[in-house]
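Undergrad: Those protein sequences? They're chains C and B, same order as listed.
Going by my numbering, the residue at position 542 of the first sequence is 542; the numbering climbs one at a time, nothing skipped.
Going by my numbering, the residue at position 427 of the second sequence is 427; the numbering climbs one at a time, nothing skipped.
Some hints here could point you the wrong way.
Covered by chain C, per the in silico footprint, the following chain B stretches (three or more residues, Cβ under 8 Å) [to be verified]:
#1 260-271
#2 506-519
Dumping the calculated BS3-like pairs for lysine-lysine here, alpha-carbon to alpha-carbon at most 30 Å [what the hints assert, rightly or not]:
#3 C:Lys376 to B:Lys260
#4 B:Lys439 to B:Lys156
#5 B:Lys156 to C:Lys253
The set of hints was computed from the structure by calculation and includes no laboratory data.
Every value quoted in this text rests on a predicted model; they were computed, and no experiment measured them.
Glycine included, every Cβ here is placed at the ideal spot set by N, Cα and C.
2 protein chains.
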Amino acid sequence: MDSYQGSDKLALQQSIVHHVEYTLARTRFDFSKFHSYQALSHSVRDRLIEAFNDTNLHFHQMDAKRIYYLSLEFLIGRCLQNALVNLDLEEDYREALMDLGYKLEELYDEEVDPALGNGGLGRLAACFLDSLATLNYPSFGYGIRYTYGIFKQLIKDGYQVESPDFWLNHGNPWEIERLDVQYQIRFYGFVKKVWDHGVERSVWEGGETIMARAYDTPIPGYNTQNTIALRLWKSHPASEFDFSSFNTGDYFKALEQRQKAEYITSVLYPNDSTDAGKELRLKQQYLLVSASMQDIVRRFKRRKVLDWNAFPQKVAVQLNDTHPALAIVELLRILIDIEQLDNMSAWQIVTKSFNYTNHTVLPEALEKWGVPLIEKLLPRHLEIIYLINFLFLEKVQQKYPNNWGKLSALSIVEEEGTKKVRMANLSIVGSKFVNGVAKIHTELLKTTIFKEFFEMHPNKFQNKTNGVTPRRWVRCANPALAALYDRVLGSDKWVLDMEQLKQLESHVSDPQFVREFQMIKIENKERFVHWIRKTCQVDLNVDSLFDIQVKRIHEYKRQLMNILYVIYRYLIIKESTPEERKRIVPRSVCFGGKAAPGYVNAKRVIKLINSVADVINNDHQIGDLLKVVFMPNYNVSNAQIIIPAAELSQHISTAGTEASGTSNMKFIMNGCLILGTLDGANVEIDEAVGRENIFIFGTQVEDVDNMKEKMRNTDPHEYFPQELLKVFTEIDNGRFGHNEELKWIVDSIRYKNDNYLVGQDFKDYIKAQQQVDDLYRQPNEWAKKSIYNAIRSYKFSSDRTIYEYAEDIWQLKPIKVPEPAAQKHER
Amino acid sequence: MDSYQGSDKLALQQSIVHHVEYTLARTRFDFSKFHSYQALSHSVRDRLIEAFNDTNLHFHQMDAKRIYYLSLEFLIGRCLQNALVNLDLEEDYREALMDLGYKLEELYDEEVDPALGNGGLGRLAACFLDSLATLNYPSFGYGIRYTYGIFKQLIKDGYQVESPDFWLNHGNPWEIERLDVQYQIRFYGFVKKVWDHGVERSVWEGGETIMARAYDTPIPGYNTQNTIALRLWKSHPASEFDFSSFNTGDYFKALEQRQKAEYITSVLYPNDSTDAGKELRLKQQYLLVSASMQDIVRRFKRRKVLDWNAFPQKVAVQLNDTHPALAIVELLRILIDIEQLDNMSAWQIVTKSFNYTNHTVLPEALEKWGVPLIEKLLPRHLEIIYLINFLFLEKVQQKYPNNWGKLSALSIVEEEGTKKVRMANLSIVGSKFVNGVAKIHTELLKTTIFKEFFEMHPNKFQNKTNGVTPRRWVRCANPALAALYDRVLGSDKWVLDMEQLKQLESHVSDPQFVREFQMIKIENKERFVHWIRKTCQVDLNVDSLFDIQVKRIHEYKRQLMNILYVIYRYLIIKESTPEERKRIVPRSVCFGGKAAPGYVNAKRVIKLINSVADVINNDHQIGDLLKVVFMPNYNVSNAQIIIPAAELSQHISTAGTEASGTSNMKFIMNGCLILGTLDGANVEIDEAVGRENIFIFGTQVEDVDNMKEKMRNTDPHEYFPQELLKVFTEIDNGRFGHNEELKWIVDSIRYKNDNYLVGQDFKDYIKAQQQVDDLYRQPNEWAKKSIYNAIRSYKFSSDRTIYEYAEDIWQLKPIKVPEPAAQKHER
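Given these sequences and hints, build the entire structure.
TA: In structure tokens, the structure reads:
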């Protein structure tokens with residue numbers, strides 16, 4: 001790709017040295033590996049900015065419709081390698097650095113992971129941005145620039161310890177601070193009614209005002225000039241002095257109050273077990289949506305003719321879960337109170353512009369906010385919510401006259417107990433389309449939690465199965481596999497069109513191809529072994545089966561079932577004769593994931609895993625037959641090491657609990673077999689790769705309720721299989737430490753409270769694990785099935801997902817920014 | 001001057017546009033005046049960095065002795081023009097910008113004043129840095145990067161309102177963030193005693209640790225490659241997790257506690273009326289000294305051979321007032337506890353390295369810290385203070401056996417009431433030299449507050465009369481005057497050698513020269529009139545006498561006497577016949593300065609000034625004969641407009657209260673006459689310019705005590721002159737508003753409590769004011785005397801002051817960094 005600054009070796013070297021001297025203010029005689037990373041990043045950033053400026057200018061000139069993706073999380077991972085790969089500059093920079101005495105890969109490791117997300121929802125948003133840029137869709141990500149972000153997970157004596165992650169302490173060359181892009185955000189205050197030419201208008205006044213300032217992270221597309229913005233908001237105190245809101249004379253109090261503005265965007269997911277924490281979280285949400293909607297409206301108003309009805313033709317907003325649902329209300333407020341549109345016109349515009357993605361089927365996970373809190377913090381918004389609800393319930397009443405059940409289920413306001421605003425209902429009512437994130441999930445939405453809405457507006461509901469970007473998850477994370485594809489397919493076009501992998505079906509019978517594939521896996525396993533030795537001080541046998549479960553620790557995801565099975569397997573090995581042992585498949589079972597700081601049961605599971613690991617890894621009778629590792633602080637950059645090395649990946653949630661599970665897609669793309677239940681995206685993976693290439697077990701979704709019923713009505717000694725009871729006994733007897741907490745974990749499912757059906761599914765799980773072992777004893781068969789997983793994963797590229805969103809939901813067409821070579825003459 | 005990046009017009013333009021595109025990430029088609037300022041600043045910053053890197057490298061190679069100037073304040077003012085002038089690039093950039101459609105002077109006004117200081121002490125530190133760089137002395141300034149700094153003063157209904165100054169909201173292109181230069185700072189904890197090879201050692205452990213990170217502002221010398229660092233420290237949370245100091249499981253509390261680290265360097269002079277505020281202030285002081293001493297020791301240890309006895313040959317530390325006095329203790333701690341020197345060797349090193357500048361003669365202004373607070377926050381430091389005190393008092397005991405009066409006066413620890421540590425005593429005991437900042441001030445130190453110390457160590461005491469930099473205060477602030485000097489003297493050498501102004505003595509008889517000088521003053525007055533109209537909405541008559549009093553509002557500085565005189569003058573005018581009025585000299589009396597937020601009397605004086613202004617300025621009978629203005633938010637950049645326009649400047653503190661007063665020096669350098677008492681630097685200005693060129697009045701220092709005695713023993717109606725009693729009556733009667741507070745101001749001096757002798761000096765003050773009027777009626781005479789002030793001000797260049805410090809205190813020689821042209825070949 002051409003670049004305004006040139007990309008020959010000398011130009012790149014000059015650019016790096018320039019940044020050492022001028023940006024870091026270091027002499028060229030005195031800079032370290034970290035400085036070198038920083039200078040390199042600034043050099044790459046220059047090139048990103050060229051494309052970024054071109055993109056913004058071009059979209060503006062083309063008066064493009066844009067999609068705005070609003071999300072409280074963007075788990076973007078490290079930026080350097082991704083930028084180099086997408087800009088096609090990795091090789092050039094590698095060589096340029098070599099002469100300067102630096103290895104590119106070592107500099108990659110100097111980068112800190114941005115701590116801007118928690119789990120799958122945030123990573124999805126990041127994959128989507130990559131696809132939006134790559135597919136040339138005019139688009140923006142809007143989120144929050146958390147100063148501290150998600151905690152860093154440390155393991156101390158086997159327990160999870162949460163350490164604040166001051167990720168910005170290391171600087172962030174990937175963001176552009178926009179001193180001049182900032183919006184006033186108001187909290188509290190009151191609503192004044194004024195008459196203006198015979199119309200009653202609402203004016204929201206008083207309270208506190210703070211500023212939200214924009215920080216842009218350029219997101220480059222692959223092999224395209226298009227580079228879009230992830231715009232993150234940071235709160236800071238307003239410079240202007242508001243006489244009315246301060247008592248004169250108490251400067252220090254005023255100062256303290258205004259300093260607090262800095263706190264608002266400080267922490268991802270503040271502690272919401274306190275009222276202050278809840279309020280802070282709502283402030284975060286409102287800050288995001290208010291700043292973003294003000295920004296979107298400002299951009300819309302820069303068009304030559306101001307025609308509000310054209311708004312939905314130029315703006316599509318996607319709400320990633322309900323966290324940014326107040327955007328619906330905020331846009332209404334802006335249109336009605338500030339732009340002075342009438343209520344109905346404003347409502348038309350809003351409902352044509354918004355769309356909502358749901359991420360859960362668990363009713364208890366649906367977000368609600370107490371009316372008193374909203375009334376206090378956002379009094380005008382509460383009025384508008386009531387207005388929306390009134391208009392909507394009128395329609396419900398028309399369709400289902402006097403059907404109080406319907407009214408109560410559909411109402412945005414929950415009337416029982418303290419009144420609450422149901423953010424999902426608000427999102428559905430205010431959106432044009434609502435989607436689930438996997439087939440089974442969308443079906444469940446239609447038949448369970450959103451049943452009444454689906455009946456009323458069947459066309460509003462769509463499925464958009466998640467996807468992951470092959471750039472980060474294959475091209476960056478697994479360069480050897482990518483090189484194999486490049487060679488066999490004759491180009492790197494598959495990176496943009498994953499369906500090309502279909503062409504590899506015929507190669508599965510080619511022993512040479514299979515061998516190369518196996519070699520790549522071994523190399524990736526070796527890299528992983530090296531990393532585990534460094535981070536966990538455990539030596540893994542590269543010939544063992546690498547069995548991975550990485551995801552947030554949650555009861556429904558059943559890490560507990562996995563570790564109980566590990567114990568079962570350990571007991572089997574202990575009881576085996578030396579002859580029997582020879583047939584046992586050596587396994588390395590690796591767990592990773594964070595538990596929410598307040599989630600006691602999840603944290604105890606981590607302790608159990610570590611206690612079991614401690615006993616097994618130090619049992620000399622076991623040797624390499626079984627190893628257990630808990631990998632601390634699972635994050636995007638760790639995932640890029642873990643996933644390419646995985647051979648078996650467990651996605652074993654109770655059927656009907658996981659919306660999608662998305663990381664299963666990354667695993668199959670890297671040639672890994674899934675051991676899973678028919679839940680979330682596993683269902684579609686099963687369809688895509690073929691049942692012969694996946695290990696499926698467990699209760700199916702339609703049987704779950706019956707099985708729970710059975711569990712509650714059965715004596716635990718009959719309900720739990722003997723294999724599991726034996727494991728319980730060992731834990732009770734202190735085989736893994738005389739620690740009450742370990743017993744409590746068993747207790748959490750032992751007494752008719754096995755709500756996630758560990759007991760029910762355990763025997764089937766053992767059987768599936770035996771199938772895994774049987775297959776692993778046939779390395780060629782294992783490899784072939786792994787290859788089928790990899791090359792049949794094309795459906796799970798986020799490019800496919802984004803294309804579907806663009807076509808079915810956003811009505812958005814790609815706009816390709818001209819390459820600089822063509823543009824240069826114009827300038 | 002040569003530059004690595006070239007300074008021809010095209011190179012400068014390319015550099016500006018480059019920063020628009022790459023640093024600001026703006027297209028060249030879409031940038032505003034503010035962006036233009038930012039890009040320009042980054043372009044200038046590049047050139048500063050070249051010189052800065054060269055300087056650091058050269059000093060390192062030369063193994064230079066360096067002077068470290070520690071100060072809690074650096075009131076550096078705007079950086080852009082200063083940098084351009086000192087780099088001799090102002091003209092080049094002006095032309096380069098012209099083509100791009102921008103006026104350089106308009107961009108100057110886009111810069112925000114750094115809010116890093118309060119008054120004279122901080123501005124002195126800034127002038128010293130300019131002289132240190134210009135005179136090629138290897139040196140560093142160390143201070144704190146206050147996020148919010150000093151408050152912004154607003155005037156609302158005549159009252160001062162303090163608004164937080166979020167100066168960094170506008171970005172700061174002048175600082176270099178040093179991500180890798182940071183030191184751990186500990187607070188609280190305990191001291192453990194351990195035995196190590198038969199020696200007892202102290203280990204300070206536990207408590208909280210935070211990090212101090214360096215931000216460097218390059219300070220360019222005039223017409224030299226030498227560019228030194230002002231290194232400011234910002235607190236931030238430590239990235240490392242300290243298991244011992246947190247209870248596991250309470251992540252959010254731990255987070256909150258660590259967020260507080262950000263607060264430490266947040267505010268300049270936290271509210272010290274509360275215990276929490278006091279503690280915060282002590283934390284700031286310790287953070288500054290600990291980070292700075294760690295930095296100094298690290299730099300020292302980079303020498304080839306580690307020889308601690310060489311420390312004083314390579315390091316001189318100057319304490320600007322007692323605020324950084326803990327540096328003495330911190331260096332001892334590092335040498336004894338960490339570097340494991342024995343107590344006596346460490347003490348020798350310390351007392352040869354430190355020096356202390358005192359800034360007050362008021363005993364109540366000497367800083368003290370309660371022993372319990374130090375014990376809690378810095379337990380090891382308290383031990384060391386006791387050790388120092390023990391060693392010192394032993395010597396006192398030797399010299400004055402059993403003289404308890406001496407022991408009690410000299411002791412570092414004050415035993416009365418709650419035990420306190422006297423920071424001035426600590427500073428004197430730990431320093432090689434102690435200096436006052438004006439002749440009279442140093443004499444008072446020797447005879448009053450530090451009498452006992454002077455008797456014990458007469459050679460320790462020196463005078464170093466303050467100075468101001470002619471670069472900012474003439475060359476930048478008064479370019480027309482500078483141009484006149486250049487032309488008449490044939491070069492700009494006077495900027496580096498102010499004694500050359502002596503050559504202008506003969507020109508005072510040249511009417512052409514006098515006329516030019518007058519014209520310059522008029523132009524400056526016009527600029528000031530324009531600025532006053534914009535900021536205060538008051539129209540001043542450019543032909544009136546511009547009579548200025550700008551400085552912090554304090555009772556001892558007697559702004560009250562000035563405004564009482566203004567009322568007196570107003571009453572005179574009101575009583576005058578039209579014929580008499582013709583002879584009255586029109587005056588514009590302008591006040592400026594901030595009152596400490598908790599200083600009620602000072603804030604009331606501001607209210608009185610504004611109330612009087614309100615009546616007089618709106619009295620149509622008065623017209624241009626008298627105008628009163630309170631200029632809000634006096635700061636460095638305002639001073640650069642005010643001072644060149646001033647014709648009379650008042651420095652009227654009660655004799656014996658003002659240490660130096662320094663701003664009087666800026667006024668005379670700009671050809672302004674002083675109306676003052678024989679206090680602070682006025683005494684030396686009087687000597688320098690000659691009594692015929694200054695208006696001196698008031699009680700002299702040796703009579704002050706008698707006069708106070710007389711005041712207390714006299715009936716107020718006899719003590720206060722009739723002229724003043726009449727003014728009191730008018731205020732009492734509500735002539736300036738029926739506001740109790742105005743009466744309270746009068747009450748503050750009315751009842752035998754006129755401690756600053758306003759009543760005593762008032763008649764003499766009136767007489768001096770009449771002399772002012774008489775002279776102003778002879779414009780030529782006035783101009784000549786003004787010129788004498790300007791050209792006889794050379795002694796008050798901070799170059800002279802810094803040269804004296806270097807010779808007499810620091811034993812420091814200049815090291816000139818080679819010009820880049822010569823260096824380029826080496827590289």
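Undergrad: Run the structure past the numbered hints and jot down the numbers of the failing ones, going up.
TA: Numbers 2, 4 - these are the hints that the structure violates, sorted from lowest upward.
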